[in-house]
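Line order of the protein sequences matches chains A and B.
If you read the first sequence in the working numbering, its first letter stands for residue 858, the second for the next number, and so on.
If you read the second sequence in the working numbering, its first letter stands for residue 502, the second for the next number, and so on.
Simulated from the structure, these hints should not be mistaken for lab results.
Just to be clear, a hint being listed does not mean it is correct.
[Said to hold, decoys possible] Capping the alpha-carbon separation at 30 Å, the derived lysine-lysine pairs in DSSO-like fashion look like this:
hint, chain 1, residue 1, chain 2, residue 2
1, B, Lys733, A, Lys1173
2, B, Lys1094, B, Lys733
3, B, Lys993, A, Lys1173
[Said to hold, decoys possible] Here's a subset of chain B near chain A, in silico, CB distances under 8 Å, partners left out:
hint, residue
4, Tyr508
5, Tyr513
6, Ile515
7, Gly516
We put the beta carbon where it would ideally sit given N, CA and C, even for glycine.
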Amino acid sequence: MDYKRSNILGRIDWLTVIMYLALVFFGFANIYSSAYRENHPQIFDFSQRYGKQFVWIIAALFLAILGVMINTRFYYFFAWPIYILSILSLIAVLMIGATIHGSRSWIPLGPFHIQPAEFAKVATALALAKYMSYYNRTLSQFKTLLNVSLMIFLPAALIMLQPDMGSTMVYSAFILVLYREGLPTSILIVGFLFALLFILTLVLDKTIVIAGLLILTVILHLFIEKKMKITLKAVIVLLLTGTFLWGVSRLLHRNFSFYNIIFFSLLAGGLAFIPFLYRYKLKRSAILYLILIGSVFFAFSVNYVFNNVLEEHQRKRINIVLGIESDPYGSGYNVNQSKIAIGSGGFTGKGFLHGTQTKFNFVPEQSTDFIFCTVGEEWGFVGTFTMIAFYVFFLLRILFLAERQRSSFNRIYGYSVFSLLAFHFLINIGMTIGLFPVIGIPLPFFSYGGSSLWAFTILLFIFLRMDAERMEIAF
Amino acid sequence: MKDYDQYEVRKYVIGGLVLLSAFIVIIKLFVIQVVDKSYQLSASNNVLRYIPQYPARGLIFDRNHKLIVSNEAAYDLMVIPSQVTAFDTTEFCNILGVTTEEVENGIRKAADYSELKASVLVKQLSARTYARFSEKMFKFPGFYVQPRTIRYYNYFVAPHMLGYVGEVTESIIKKDPYYNMGDYIGVSGIEKTYEKVLRGEKGVNIYLVDVHNRIKGAYKNGRYDTAAVVGKNLVASFDKDLQEYGEYLMHNKVGSIVAIEPATGEVLCMVSSPGYNPSLLVGRDRTKYFPALIKDTLKPLFNRAVMASYPPGSTFKVVNALIGLQERVIFPSSTYGCAPGYYAPGVYVGCHIHRTPLNLKGAIQNSCNAYFCHVFRNILDNPHYPSIYQSFESWRHYLESFGLGHRLGIDLPNELSGFLPDTSYYDRYYHKNGWSSLTLISMAIGQGELGLTPLQMANLAATIANRGYFYTPHVVKAIEGNLTIDPAFRLKHKVAVDSSNFRIVIDGMDLVVNGEPGTGSTARIARIDGIRVCGKTGTAQNPHGKDHSIFMAFAPKDNPKIAVSVYVENGGFGSTYAAPIASLIIEKYLRGKITRKWLEERMRNTDLIHGLQKK
């Protein structure tokens, strides 16, 4: 027993553990500073946030030890039950949860509030690792891809219902895992193009976007088919149907909107073109055409979703990042104040406990989602650079650990740990400096809050145990 | 030992992606922390300060473009509680001339309102104190001086029409986010009705302030600053000289004068007496004088011209005459005797001794009670209507068309509607079908339940002067930059009596003032040589004391330029005070000078207040 434990302890990747401890400590120092008031100088004042965070940290260390103590076999065999339990907890929170800041995300447990969404990330990572590590499963199989997508989508959808857009978006981090495990590049490219189209539709006028799509399709068509005549015919058919529809709408005194005419002439033109497709066997043209129709439809739905599905504050946050709107006192207040705080730190910072912007609640959510402001203000560019470098090194270390696993279960789990931490890290810092819309996700190991600290600790230390055991067992 | 993994190279893509993103983040951080100096004006700690820019309030001119109300500079000491650090209270108090407790309480109150927003600590410092404090301001972080403007009165006239400006209350702040603690808002009069026009729009300047409380410059070169928009100027409809003269005449009397230009509905003067000096309610003086004005039993803050309701007395007879003519129940030639007085079963209405019988003109000239009792009963007992319910409603309809029984809609706050009873009122008071024209007979001569504001009375005079129509009276003639005022004031209100029926009534009102001596004219004292004044006296019975003296008039008879109503509380007969005052007002307005100095002296020197209080 003694032998075995010391064995495990000996094989733990202590470098990662030390970096973890350093991050937690530095995070605590910043929470202390942001909540620091001259009339509450004691560190262990439990009425203050830093006092509470101290308790969370101690508890997290116990969880870390627990995580390391439990054998990897346990996680492998209980991956499904854990996943199901976590889904149930997400359902439970929707029914009995406490509402804080407009989201039903918290389960009250005595004096504490637990956020099941934080722990669901661990469960999803385990379940994904288990499912994808079965022999002969590859993501180029449609069925596997579908199941994996569903496994990710289910907890994300439940969290969206709370609603907690930030934690929902975190699940997109798993795309990195899937990519590593062989997700076809074409899917990623299509996804990326649609994301680009999404942003372009919001930034540019819809007409310009649609016109651009049409021209792009014609050029692509020329390029792929290399048949000038047929392309020209297609364009003429399209123009004719468009003019015809326009004429009909004028004759009927029905003012069809410009967009409707484009859309229907595209449909009608496509139908008229079907005989050509048959005769000349233009399979690729057909695919191109379908993509065009899909994109135009997507552009319309973006506007619809943006204007009708998203909440007012979400719209504004996106608009602010895209530079469409400037609202330094309203929705842009957080980001503006956060940028002032970070910017005012200058090169060397104002010194520990000497921040001014980050006191007096200039920056809302100072100790949780915007903890990076304190780093920026008090430690300056030197501090932010060091911290980012340190964090990136920490992430790359996890990546390295993940790559050295011998079983795909371990590797997939390791990649999940890496992807989740990287996503949180980049998006959180990105939003404090205005590179990304404010979606309210914590900075792992830094932000105030028990649930996120515990969940990330468990997530990490399960993997450290797997890493320690990597030579013994392989699934 | 590991299986061959064809996707292993992707680890470089993933690692590279993270490195690239981190690189972008670092570039951005370098820009905002090192390159862009606007975030950190100096190495010291910067705090943004939002300083509202208060626009000057719009000026108010009189109808002849004399400047009545303007602005002067004042300096408020502001405090932002969250930025206050320990400071030398003794020095602070010495500079400002306040006590330590005042400062402590003030800061506590400000902190209760908001830690982060500025509140006023000391109002309206003198320019001298302001200068002294500015020198020492660096010693007192969290405090700064906010310049703003307060009202300055070039003439101490028309307090009720102009109204006053005061600090916003918390309930207003809650309702309208435009206002912050310590802002000013129009509280009464024109200042209140035209608040949005006069106030302009606040702007905001954002400054960076260092730990020493010194402004280091505009934040982002003022990119987020907004400029204040100056309030618009107003041209009030009143004539400053006439208003001043009216207040002069009403000295030591309780009551009001309202004069209207019949052709437009513009109020030429509106006196409510006793009044007050509007400059007493500006700035720090207000705390001294306001409580005294509130406590005064004569209610000087109360605008009697639109907020008091009196019975119209005999002036109302001309309205009944007009309705009677329109309903064809009397004719100019109709003649009734006077006993003296009016006798009917169970009813007696007294009258004074005059020649009898009289036709309509003579009855107006002599103000015969008996004659108008006949007129009133003819109206209500008109066989054309099935019952008194219908005839009463018809009578009431006429009165409503004259603007009685409801607010006229003048552009002043808290206008009273007066009182015009309806049939259900009498059903409640007596019982259904339990009342008749005899029950209501006192309304024949303007007594009983009726209530009119002096404004409604003046509007009545204007309506008669116009031979059957009026424009809603208003006190603002024009708004700077706007081509028209509220279109409601340009709307012609026609009354339900035909224009042709006014001639005979106006002839009667002419005789009231200009009748031959000995023919019984009730207000010959209002006669002005060379100006044909038409008027009607009234004496309102007052259950609480001496009767009120009432007069309504317009002049000249043809193409009238002014219509006026005068109420003098406890003044006795209409001809005693109200008629001479109205006559003087008319002369002043039409001629600009007074020929009858003896009458002016007598009116000016009459004291109806202090004798009254002795009783």
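Verification of the hints:
1. B/Lys733 to A/Lys1173: violated, 35 Å
2. B/Lys1094 to B/Lys733: violated, 33 Å
3. B/Lys993 to A/Lys1173: With a Cα-Cα distance of about 50 Å, the restraint between B/Lys993 and A/Lys1173 is violated, given a limit of 30 Å.
4. Tyr508: holds, 5 Å
5. Tyr513: At 10 Å from the nearest chain A Cβ, B/Tyr513 fails the 8 Å test, so the hint is violated.
6. Ile515: Hint on B/Ile515: holds, closest Cβ of chain A at ~6 Å, below 8 Å.
7. Gly516: Given a least distance of 6 Å, the restraint on B/Gly516 holds.
Violation of the numbered hints given earlier is confined to hints 1, 2, 3, 5; the remaining hints are satisfied by the structure.
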